[in-house]
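Colleague: Next come the chains, spelled out residue by residue.
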Amino acid sequence: MSPARRLPPAEWAVPAALAAVGAALDWATTTRPAAMPVWLPFDFSWFAWAGTVLPLWWYFRGIARMAPARRPAPWRRAVFALGMGLIWAVLQTRYLYLAEHEFFLSRIMHVVLHHLGPFLVALGLAGQPIRAAMPAPLRRLVESRQVRAALAPLMQPFVAAFLFVGLVALWLWPPVHFASMIGHRLFWVMNWSMVLDGLLFWCQVLDPRPAPPARAGYGARAAMAVGVIFPQIAIGAFIVFSRHDLYPYYNYCGRFFPDISPLYDQLVGGMVVWIPPAMMSIVALLIVLSHLRAAEDAAPRPLDPRAARMAALSARWTGR
Amino acid sequence: MKPLRPLLLALALLTTAASPWHDISVRGEVPALGFAATDAASGHTVTAADFRGRIVLLYLGYTHCPDVCPLTLHNISVVLRRLGKAAAGVRVLFVTVDPHRDTVPVLRRYVALFGPDFVGLRPDANQLARLARRYRLAYAVDPGGHGHPYTVTHSAAVYVFDRTGAARLLIPSLASTTPDLPGVTADLRRLLRGQTAEGWFGWLARWV
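Quick note, the sequences are listed as chains A and B, same order. 277 is the number that numbering that gives the first Met the number 0 gives to position 278 of the first sequence; each next residue is one higher, with no gaps. 16 is the number that numbering that gives the first Met the number 0 gives to position 17 of the second sequence; each next residue is one higher, with no gaps.
So here's chain B without its partners, still in its complex pose (with noise of 0.2 Å):
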């Protein structure tokens, strides 16, 4: 057994280390937060470059959803309340995929409800088709008409980006029945002490 030993010491290690966060790494293989819209408050075009040095949560939805982004907005300041301070590091962008509906000050007021850490992002058609191409999410505006309703279907996923922008994590739902709202906060806390353990995968995948 005695010389197995590092064998075996070395495959716990790559085990627990499997997974260090809550969510899914998906460092190294995501492009790094790389945007252009108007911001809602402002009325001006915003970059990637503005958010650099925080925390970037992003999530893609529009004003007239019923359910999905209501809840994931909110469950998401939940989570900033739970980080207390440390909140004032973390923005979170909503960008509409209804950008017809989505005026800027109907977005303004939408984003309002959910916290000062919230920024509205209007996209022209071409800005949110280059995003949505980069983080591969998919989004669809039908506006109806003969008896079919206006319909938007998007994604699901937050995006976490970290303070350099680099893309660091994936949330997969937090419009779920049971969101996992302490591990979100976890993961988060974990970003902005600047740790920064990814996973054997994520090492695998850089490598590929």
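Next comes chain A alone, as it looks inside the complex (with noise of 0.2 Å):
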């Protein structure tokens, strides 16, 4: 091979580092898991180590690569690193044990899985530079008509908010809760799916684009983030006030903090499902409708000077 086609030190050294880390890990969290730190791995899964560390690395190196103006601003690189973590981190240190034991625990966990850490992982605009930084073979893989055509019918305003709600719901069906809380497998489906569904559903109410090139306009975005906040209140409200302990899983295997009573935990648990995603819809209803607004304000419009002799005037109040 020639010089010049000898592949530059970070094609190789980045990932031959992050796996080498990925191994230590693996083998401590193996063989020393009473000593492990709570902040490193409680069970570590390679799965989750390269789906955190290897977009992380794909998104900076293809800023790295795109032009400086069309980069995403700092604050989003910071809001992208910081989705991508707080996932890591409830997937993987020491919440996890917290997360398997406690149902309110389990509940913030899912909170970050499908909300918080999509949605910021959403504002970070990840799709171009880690389209652009990802191996050829895998790029082609996610551009394929295949992939596209899969997605396509997932990404149909309705379809999405139904799947959105739906796999909230199908998760905290008690006997769905309990085969996915006591098996290792079906935990994992349940994590995964959430992670996978929440950036699916974020990555499109939050993408700043009109119409086309976006599938859905800014109102069916809009509608779409409104519209799971009500059956989620329906699914905590039944929580909340539910009389009797519907997830017994967290009585059988122990809880983290026994002096919480079981009822108190699925209380707690119920808020968790109940309020903070209804508040999550609502920034992510402020957002579209300033992403709305900043297209009109791009859109060319015909001049007419008493119109902008009125914007004007208006503009002392509206600030536009």
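Keep in mind that the hints were calculated from the coordinates and are not lab data. Being a predicted model, the structure only gives us computed values, none of them experimental. Backbone N, C-alpha and C define an ideal beta-carbon position, used for all residues, glycine too. Watch out, some of these pointers could steer you wrong.
Facing chain A, a subset of chain B residues (Cβ under 8 Å, in silico) [unchecked claim]:
no., residue
1, Ala155
2, Ala165
3, Leu169
4, Pro171
With the hints as a guide, bring the two chains together.
Modeller: In structure tokens form, the structure reads like this:
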């Protein structure tokens, strides 16, 4: 191979270093679980490790390759990293153990996996930089017609909202909740289905672009954000007002806080299902409206002198 | 109605087959029996392989436990008495979560109180952490001090593994005021006979 075609060190050194750190964490969690600090993995997963560090690496590498004017703003890069970090933290650090042993902590975990984490990741506008930096075969797969065709029906606004709420309801249905908490494979399916669905939903809702190239218009996206509030309130309220223990799994396998009664744990968990997701939807609505406003401002409009004078006057209180 | 009859029959079969067990079937989802710990009787390290061929009950506790552990172990000993000779095919693993106070001699004397089929296991910190992680069991030891008592918390459930080491059942608690001892006895008999009906949910879980 000629020197000109040799891979630059970053192409292989960074992934190799990430793999080495992953192998060290894997070894440590397998052989020395009792000695692991709380911020290191409790139950190491290669999928979670690769799914976190590779997109982060691709994102920042993709940004470095983009023209400066087209790069996501620094605050977007920060919230992207924060979102990825939060998802990894609830899935891998000792928090996982807490979430396995207290209902309200498992609900906070799902708010992070399905709402907060993907929401922050979506604000990072990661699609373009990640695609620019990921390996070519993976990029071809992601951009292939088959993958797009498979995702298209899931992104139809009504279907996307139904899927979003449906997954919350499915994993909270008591027999399914029991099976997914006690079982390792179903637990894995549950958590990653929440992450992937959260990404699919929030990347669409928080997309700043107008309807083409985006799939749905601003109105439909605002309706998605608001529409998912009401079923989640109903589910949360159902749990809050239940007089009996819906989720006995936590009694069988032990609670992290034995002093918190099962019904109180359930009540707080129900509130976590009820309130923070509704608040996030309102924030999403405000963001969609600001995107709509920015798109309208960017669109060329015929200049009417009288309307322009009116606009100049109204700018004193609207700020536009 | 006639074309619907097979459907109704299938539905009836499904609902009756939904739970052939008195306890909770966890087959296919919970990992097989796997651990390493010091056996209180011999002082040597034992692993899951040493219990192949027997029905294994796995329970976490500690010998200073005032109520839950002795009650659970006593109720298990009642179940084993009800099984009669068949109890020879069962081993009860009592794993201490408080290895600091539960030394090998303490643990050996304690489990001997409940019968010959009880095995006291003393894991080290890493062995215990691995076991608890594998079976989603919570435990904590707070040595106390400064006026606070030494407190230990642990899960209430008893896992049941079959002769091959596969996880089969979860007995929610044997420390309640109304433990279902006939139900647990029937379930263990069923496992000792080697019947493998698992209910539609276990079947479903294996396909997910």
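Colleague: Please go over all the hints and tell whether each is borne out by the structure.
Modeller: Evaluated hints:
1. Ala155: holds (6 Å)
2. Ala165: violated (13 Å)
3. Leu169: Since chain A brings a Cβ to about 6 Å from leucine 169/B, closer than 8 Å, the hint holds.
4. Pro171: Because about 5 Å separates proline 171/B from the closest Cβ in chain A, which is inside the 8 Å limit, the hint holds.
Violated hint: 2 only; the structure is consistent with all others.
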